[in-house]
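Participant: Sequence:
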Amino acid sequence: MILFHGTNTDIETIDLSSSLNHKDFGKGFYLTSSRETAIRMAEKKARLFGGKATLIIYEFDESALNSDLKVKVFPVKATVEWFLFVDANRDRANQQPIHDYDIVVGPIADDGVVMQITNYRESIYTAEQAAKALQDKYLDQQYYFGTEKALRYIKKSKVQIL
Numbered sequence: 345m346i347l348f349h350g351t352n353t354d355i356e357t358i359d360l361s362s363s364l365n366h367k368d369f370g371k372g373f374y375l376t377s378s379r380e381t382a383i384r385m386a387e388k389k390a391r392l393f394g395g396k397a398t399l400i401i402y403e404f405d406e407s408a409l410n411s412d413l414k415v416k417v418f419p420v421k422a423t424v425e426w427f428l429f430v431d432a433n434r435d436r437a438n439q440q441p442i443h444d445y446d447i448v449v450g451p452i453a454d455d456g457v458v459m460q461i462t463n464y465r466e467s468i469y470t471a472e473q474a475a476k477a478l479q480d481k482y483l484d485q486q487y488y489f490g491t492e493k494a495l496r497y498i499k500k501s502k503v504q505i506l
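Sequential numbering from 345 applies to the sequence shown in the numbering used here.
Be aware that one or more of the hints could be misleading.
Listed below are the simulated BS3-like cross-link pairs for lysine-lysine, each with C-alpha atoms no more than 30 Å apart in a straight line [as the list claims (entries may be wrong)]:
(1) 502 - 371
(2) 481 - 414
(3) 388 - 481
(4) 502 - 388
(5) 367 - 414
(6) 500 - 367
(7) 499 - 421
(8) 476 - 396
(9) 499 - 414
(10) 389 - 502
(11) 421 - 500
(12) 414 - 493
(13) 421 - 476
(14) 414 - 396
(15) 421 - 367
(16) 493 - 367
Simulated restraints, written as ranges between beta carbons of each label pair [stated by the list, open to error]:
(17) 393 - 454: 16 to 24 Å
(18) 414 - 435: 31 to 39 Å
(19) 362 - 420: 27 to 35 Å
(20) 471 - 354: 38 to 46 Å
By construction, these hints were calculated from the structure, which means they are not laboratory data.
In this text, all values refer to a predicted model and were calculated from it rather than measured experimentally.
Built from N, CA and C at the ideal position, the CB exists for glycine as well.
Whole structure, please, built from the sequences with the hints as guidance.
Facilitator: Here you go:
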């Protein structure tokens with residue numbers, strides 16, 4: 345399977361320790377199945393941090409999903425479980441990881457999801473109401489790689505400066 349990473353510079357070696365905390369699925373390396381989404385991310389990163397919009401293409405060995413790795417695959421649509429998982433990972437009060445998955449696959453939390461997380465945290469919506477509000481919204485898929493074991497299943501195949 346082909347996956348994409350949008351950034352502002354080529355990545356020679358993936359360094360999980362330099363990954364940012366409090367992302368959708370935690371501290372790790374993220375890819376998407378959507379070329380367009382990765383391009384948008386590359387352009388945004390270059391605009392914010394300098395460098396050149398860069399699309400890195402990876403080959404993902406899907407046998408990882410049925411291997412000895414600890415894997416979580418969420419449905420394509422927003423669910424309460426996914427919503428609460430993203431909320432907990434993004435919660436800056438959580439200083440320790442909230443899970444020990446090697447790979448997590450599921451929807452990307454965009455600005456609409458962030459708004460629903462705010463509504464949930466401010467007790468405007470329950471988690472069920474927030475997830476239901478997102479049910480009709482298509483959310484691109486992301487692939488989180490959180491361990492060195494998981495990274496062995498991806499191989500960089502091409503770099504495109506946009």
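Participant: Please go over all the hints and tell whether each is borne out by the structure.
Facilitator: Now for the hints, and whether the structure bears them out:
no.	hint	verdict
1	502 - 371	24 Å, holds
2	481 - 414	28 Å, holds
3	388 - 481	22 Å, holds
4	502 - 388	20 Å, holds
5	367 - 414	19 Å, holds
6	500 - 367	22 Å, holds
7	499 - 421	28 Å, holds
8	476 - 396	38 Å, violated
9	499 - 414	19 Å, holds
10	389 - 502	19 Å, holds
11	421 - 500	28 Å, holds
12	414 - 493	10 Å, holds
13	421 - 476	10 Å, holds
14	414 - 396	35 Å, violated
15	421 - 367	19 Å, holds
16	493 - 367	20 Å, holds
17	393 - 454: 16 to 24 Å	20 Å, holds
18	414 - 435: 31 to 39 Å	21 Å, violated
19	362 - 420: 27 to 35 Å	30 Å, holds
20	471 - 354: 38 to 46 Å	39 Å, holds
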